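**Q** Sequence:
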Amino acid sequence: MKKVLVIVGPTASGKTSFGIECAKAFNGEIISGDSIQVYRGLDIGSAKATAEEREMARHHLIDILDPTENYSVKEFQDMGRELIDKLSEEGKLPIVVGGTGLYIKALLYDYTFFDEEEEDDPYDELSNEEIYKILEEEDPEALENIHVNNRKRLVRALNILRKHHEGISEIKDKQKHEMLYDAKVIGLTLDREELYRRLEDRVEKMVADGLVDEIDNLLGNGVSFDAQSMQAIGYKEFRGYFSGNRTVADCVEDIKKNTRRFAKRQYTWFNNQMPISWHTDTDEALREIKEWINT
RNA sequence: GGAGGGGUAGCGAAGUGGCUAAACGCGGCUGACUGUAAAUCAGCUCCCAACGGGUUCGGCAGUUCGAAUCUGCCCCCCUCCA
Numbered sequence: 000m001k002k003v004l005v006i007v008g009p010t011a012s013g014k015t016s017f018g019i020e021c022a023k024a025f026n027g028e029i030i031s032g033d034s035i036q037v038y039r040g041l042d043i044g045s046a047k048a049t050a051e052e053r054e055m056a057r058h059h060l061i062d063i064l065d066p067t068e069n070y071s072v073k074e075f076q077d078m079g080r081e082l083i084d085k086l087s088e089e090g091k092l093p094i095v096v097g098g099t100g101l102y103i104k105a106l107l108y109d110y111t112f113f114d115e116e117e118e119d120d121p122y123d124e125l126s127n128e129e130i131y132k133i134l135e136e137e138d139p140e141a142l143e144n145i146h147v148n149n150r151k152r153l154v155r156a157l158n159i160l161r162k163h164h165e166g167i168s169e170i171k172d173k174q175k176h177e178m179l180y181d182a183k184v185i186g187l188t189l190d191r192e193e194l195y196r197r198l199e200d201r202v203e204k205m206v207a208d209g210l211v212d213e214i215d216n217l218l219g220n221g222v223s224f225d226a227q228s229m230q231a232i233g234y235k236e237f238r239g240y241f242s243g244n245r246t247v248a249d250c251v252e253d254i255k256k257n258t259r260r261f262a263k264r265q266y267t268w269f270n271n272q273m274p275i276s277w278h279t280d281t282d283e284a285l286r287e288i289k290e291w292i293n294t
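FYI, numbering that gives the first Met the number 0 numbers position 246 of the first sequence as 245, with every residue one higher than the one before it.
Hints listed in this document are in silico derivations from the structure and should not be mistaken for laboratory results. Keep in mind that a hint or two might mislead.
The calculated BS3-like cross-link candidates involving lysine-lysine, where the alpha carbons are at most 30 angstroms apart (straight line), are [unchecked claim]:
| id | residue 1 | residue 2 |
| --- | --- | --- |
| 1 | Lys-175 | Lys-85 |
| 2 | Lys-23 | Lys-132 |
| 3 | Lys-256 | Lys-204 |
| 4 | Lys-183 | Lys-73 |
| 5 | Lys-183 | Lys-1 |
| 6 | Lys-173 | Lys-104 |
| 7 | Lys-171 | Lys-183 |
Please read all numbers here as calculations on a predicted model, not as lab measurements.
From just these sequences and the hints, can you work out the full model?
**A** Here is the structure:
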């Protein structure tokens with residue numbers, strides 16, 4: 000099996016710099032496992048690796064899309080796997096670095112997606128309860144982890160049923176739920192309070208570094224707040240500011256709050272969805288990686 | 001010194017005799033997750049040895065079968081007059 004080093008953790012845990020350190024130490028290249036850093040022009044708010052950092056190690060899947068385009072786990076999975084193959088052939092270590100849990104899991108495990116694009120929500124006329132009822136009859140297993148209030152999931156489950164004549168639960172049942180690679184998944188973590196402090200400092204720094212101008216430019220270039228890219232934390236919160244009814248300070252508070260919650264959700268995902276070797280100390284992490292490389 | 005308003009769980013804010021450990025919002029915590037995932041959704045949030053028990057609504061003392069809700073005194077805060 001191909002070796003893949005994976006570095007995960009909540010936002011602001013130091014993944015970027017540790018990834019670069021590993022790339023240098025193990026002759027690797029970085030594959031970004033991040034749903035926002037793919038967008039050109041969303042630099043400050045997405046905490047993208049800087050130009051200097053990208054000089055130090057080759058980065059993939061960053062700046063590959065226009066902010067008006069959509070991106071999804073399927074595309075990430077396809078491109079990521081291709082890169083893993085290519086790098087492995089070249090004798091380089093693929094290093095996946097990112098905080099988007101679903102993307103990383105879908106890359107590593109045999110999640111299967113269909114080729115066609117997703118429709119938005121073609122069931123205007125159906126209430127959540129009605130969709131729920133249909134699923135209850137045709138794919139009850141899927142409902143085990145979909146709540147009635149979660150329309151997005153309800154719609155998705157029904158879409159699959161309608162188009163492919165099998166339930167989402169059947170699709171899952173066909174999978175092995177094993178990793179496709181010899182992956183070493185390292186999680187970077189730190190004390191919660193300290194993380195929160197760091198998050199907040201980082202948000203302040205983003206604003207000082209020109210986040211508001213960055214957004215202003217995006218808007219000037221025809222990117223709307225409705226774009227998928229603009230749903231990112233650090234961007235969506237400024238909608239009120241640009242429509243004139245909120246101050247920058249208000250927006251910044253929202254960004255901090257949303258970032259805290261996001262970090263929490265990342266922990267929930269990584270703690271419960273994949274086996275991860277957590278580290279506070281990068282030297283220890285490095286040691287563990289060395290051992291794995293040599294086996 | 002005088003007149004009025006107010007002190008409720010981490011914060012904001014309802015409640016004005018029993019159905020109230022106390023609505024609701026915020027914040028926080030926990031969890032779910034197979035195509036928007038930095039998204040979407042759910043649960044918990046006074047304390048505990050917890051399908052039960054223990055302490056609460058500025059403080060103390062009362063009224064009452066029963067009080068956050070009524071009475072008295074005290075403390076603190078705000079506005080206005082002096």
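**Q** So if I understand the rule, the pair passes when the alpha-carbon distance is 30 angstroms or less; does Lys-23 with Lys-132 pass?
**A** At roughly 54 angstroms apart (the allowed maximum being 30 angstroms), Lys-132 and Lys-23 break the hint.
**Q** Are the Cα atoms of Lys-183 and Lys-73 separated by 30 angstroms or less?
**A** holds, 22 angstroms
**Q** Do the alpha carbons of Lys-256 and Lys-204 lie within 30 angstroms of each other, as the hint requires?
**A** holds, 16 angstroms
**Q** For a C-alpha distance cap of 30 angstroms, please report whether Lys-173 and Lys-104 respect it.
**A** With Cα atoms ~16 angstroms apart, Lys-173 and Lys-104 stay inside 30 angstroms; holds.
**Q** Is the hinted pair Lys-183 and Lys-1 satisfied, with a Cα-Cα distance of at most 30 angstroms?
**A** holds, 11 angstroms
**Q** Taking 30 angstroms as the top limit, are the C-alpha atoms of Lys-175 and Lys-85 close enough?
**A** holds, 24 angstroms
**Q** Taking 30 angstroms as the top limit, are the C-alpha atoms of Lys-171 and Lys-183 close enough?
**A** holds, 24 angstroms
The structure fails hint 2 only (numbered hints given earlier).
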